[in-house]
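**Student:** Here's the letter readout for the chains.
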Amino acid sequence: MGLILEMEGKELFRKYRIPLSNFRMVTSAEEAKQAANELGLPVAVKAQVLSGGRGKRGLIKIARNEDEVIQHSIDILSKTDEKSNKPVTHLLIEQGADIDQEIFISMIYDAHTLETIILFSLEGGVNIEELAVEKPEAIEKVRIPFGAEVYGFTFMEMLSRRGMSGKAKITTANIMATMVKMMRTEDLSLCEINPLVITTPGDVIALDARIIVDDNAVFKHPEREEYLSQELRYTDSEKEATDAGLSYVNLGGEIGMLSVGAGLGMATADLIAEFGGSPLNFLDVGGGAGEEKVLKALEIMTKDSGLKSILINAFGGITRLDQVAEGIISASNKLNLEVPLVIRLMGTNQQEGIELLEKAGLPAFTEMEPAIQKAVEAAKGGM
Amino acid sequence: MAVLLTKDTKVIVQGITGYQGLYHAKLMKEYGTQVVGGTRPGKGGEEVDGFPIFDSVSEAKAATGANASVIFVPAKFTRLAAIEAIEAGIDLVVIITEGVAVWDTMEIVDLANKRGVTVVGPNCPGLMTPGQAKIGIIPGDIVGSGKIGVVSRSGTLTYEVAHQLHKAGMGISTIFGIGGDPVKQTNFTKVVKLFNDDPETEKIVLIGEIGGDAEEKAAEYIKQHVNKPVVAFIAGKTAVEGKTMGHAGAIVSGNVGTAAGKINALREAGAQIADKLSEIPELLK
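As you go down the protein sequences, you meet chains A and B in turn.
First residue of the first sequence: 1, per my numbering; consecutive thereafter.
First residue of the second sequence: 1, per my numbering; consecutive thereafter.
The set of hints was computed from the structure by calculation and includes no laboratory data.
With a straight-line cut-off of 27 Å between C-alpha atoms, the simulated DSS-like cross-links for lysine-lysine are: (1) K237/B <-> K83/A; (2) K276/B <-> K380/A; (3) K237/B <-> K239/A; (4) K220/A <-> K114/B; (5) K303/A <-> K86/A; (6) K308/A <-> K237/B; (7) K181/A <-> K76/B.
Simulated DEER-style distance windows between Cβ atoms: (8) R143/A <-> G44/B: 42 to 48 Å; (9) K83/A <-> K43/B: 47 to 53 Å; (10) E87/B <-> R162/A: 38 to 44 Å; (11) Y19/B <-> R184/A: 30 to 36 Å; (12) K303/A <-> I273/B: 34 to 40 Å; (13) P363/A <-> G32/B: 32 to 38 Å; (14) G306/A <-> P229/B: 39 to 45 Å; (15) D275/B <-> G306/A: 26 to 32 Å; (16) D55/B <-> N85/A: 47 to 53 Å.
Glycine included, every Cβ here is placed at the ideal spot set by N, Cα and C.
Please build the complete structure, drawing on both the sequences and the hints.
**Tutor:** Here it is in C-alpha cells:
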C-alpha cells in the first residue's frame, strides 16, 4: 500500500490548484517557532507520519502562542510513530482557520466495474467511519464510469441537494472534478480530503490529504522514489526485502518461511498453524527468482530473533528449482544457519535441484504437508 | 472440448526476444501449442529459434492467422502491448507480466470489454488445456487431461492443486491462473461461468485467497447459476489482518475479504470447502 505523507499529498494538490492553507515544513522546534511567526498564530502542529488517527494520538496539536508552538513541537518530535516504529522527524506547521463546515470527500476505484467511487459528506471530521455506520444517509455515494469526462457541473445538482450554495459549492464541485482526474493521471488508489473546510469568510481549503499511490506506477512518476514516505513505510527488514524485489512480513512466531509465490506462502502459513506451529516471518521470492534472491531472502529471514526452524516451500513454474537449490546451498555455506532447515521442491527442474541439495548434504521433500509437519516438529526441538 | 484454448489456437508471443518470452515460447511449443511467431518492434523479418518475428501484432496476425497472444514485455510497456493486440483483433490476450500499474490495467480491460476481447491477467501464469495446448508458464508435466475445471488467483497454488489432482489420478479440462492483481477482466465469476457452460467440464475447483471480494461475487453466481459440484479452498486463514502477504489484491480491509467471509459465502452457495489442499481430490470423488 503506497500511502504517502500529508505534505507529499498537499504538494500533489498544489500541482492541481486545489486550495490549501498556508503551511511550512519544519524539522525542529526552533524552525517551528519561526514558521508560526511567519504564518501568524494560532497554528496547527502536525506530525508527518503514515498512520491515521493523528489527532487522537496527540500527533496533531493546536498552538495559540509561541510557547505552545515550541512545547508541542518538542513533544511531537520526541514521539515514535507506532506504525513504522520510527521517530517523528517532520512537522507541518499550518495556519489556523475559522472553520464553519467540515466536508469529507474520498475516492477509490471499483476493481470490478472500473468506476471511480466517490464518497461525500457534509459531516466530515475525524469520526467518518462511525458516521458511515450510525448515519449512512449522511454519506453520498457517486459512481463515475471509467474514462468519463467529469467537470464541476457533474456534481452541482448533488451538492445543491445536500444544501450547499454560493461560491463554496462551486469550488467544492471543481475540487471533486479535479480529484477524479487526479485518480487516473496520478495513478492513485485512494484520494481523500478530510476535512475540506469552509471557513467563516467562505473560503474552501483542503486541510488534510490522504493519498495512496500505486507502487507499480512509479515509472510514470519518478519523483516518488525520493518521497520521505518511502522510508517510513517499511521497517529496516521490509526495506531491505523490497529493495531486493522480495516481499517480507514479520508474523512473530518461530518458523522462518520462504516460499515462491504469495498464495503458496499463505497456504503454507495456514498449514503451519494447523499442525500446531507458528510462522516467524514470511519471505516471498516471487516467480522467476534465481540463486541470489533466495540467498538474500534467507539472509533477511535469519536476522529476526526467535527463529527455531526454516521451511522452504518452492513450487517451480517460472522459477527453476536448480537455481533455488543453488541459493539454499550458498546460504547454508555463508550464513552459518544454526537451526534445522526443511526443504520442499516440486516443479520445474526439480530433479536437478534435489540432486544439487543431496550433494551438499541437504535432504529435500517433494510433498508439502510432510515438509511442513517436519518444520513444525523441528521448531519444537524434535529433529 | 475445453474453454478458450484448444490445440487449434494460434498463439503469438509479444516480447519473444526477451529471456522469459523465448524460454516459454519454446516450452509452449514443446507442449503442443501452435506458437506461430512473435513480435519485437525493429526485428521484423528476423527469426529466433525458428519463430518468425514481426514488428507489429497486426502483421503477425495477417501472416500467421494468430488468434491469441501472450504478453511477456516489461510492466511499463504492457499497456501498449495489450492495446496493440486488442486493436489488431486478437481474440484472447494473456498477460503474464507482473507489476502493471492498475490504471493501465483498467484501460486495457475497458478497451477489451468494448471490443469483445478476452484478457487474462496481468500477473498470472496463464491457462492450459491438458493434452492440447498451454498459454503462459504453467508447467506442462504436472497436469493430466480430464473433466475438472480449475481456477486460481495464485500461480504457485495453481500448480500445487494441479499436482494434488495429478497424484490422485484426476484430470483437468482447463486450468486457469487468473492472477493476483485486483483489476482483471477474467475473474472467478467469468471462469466459473465458462466451466459451467462447458459440457466437458463436470466439476469445478476454485482456489481463492484473502483480500478483495472476487470470491464472494463468484459465490453469488454459483448460488444462482451453477449446478456442477464446486470445491473451494481459501488461502490466508491465519494471515494477520491488514498485513498484505505479497499480492496487491491480498489486503484485508474490515470484514470484506477475510478468509472466514469467503468460506461462508462459498459454503452457503453450495460449494464444498477444503481445509487443506490435499483434501481437494477426496472432496471431488
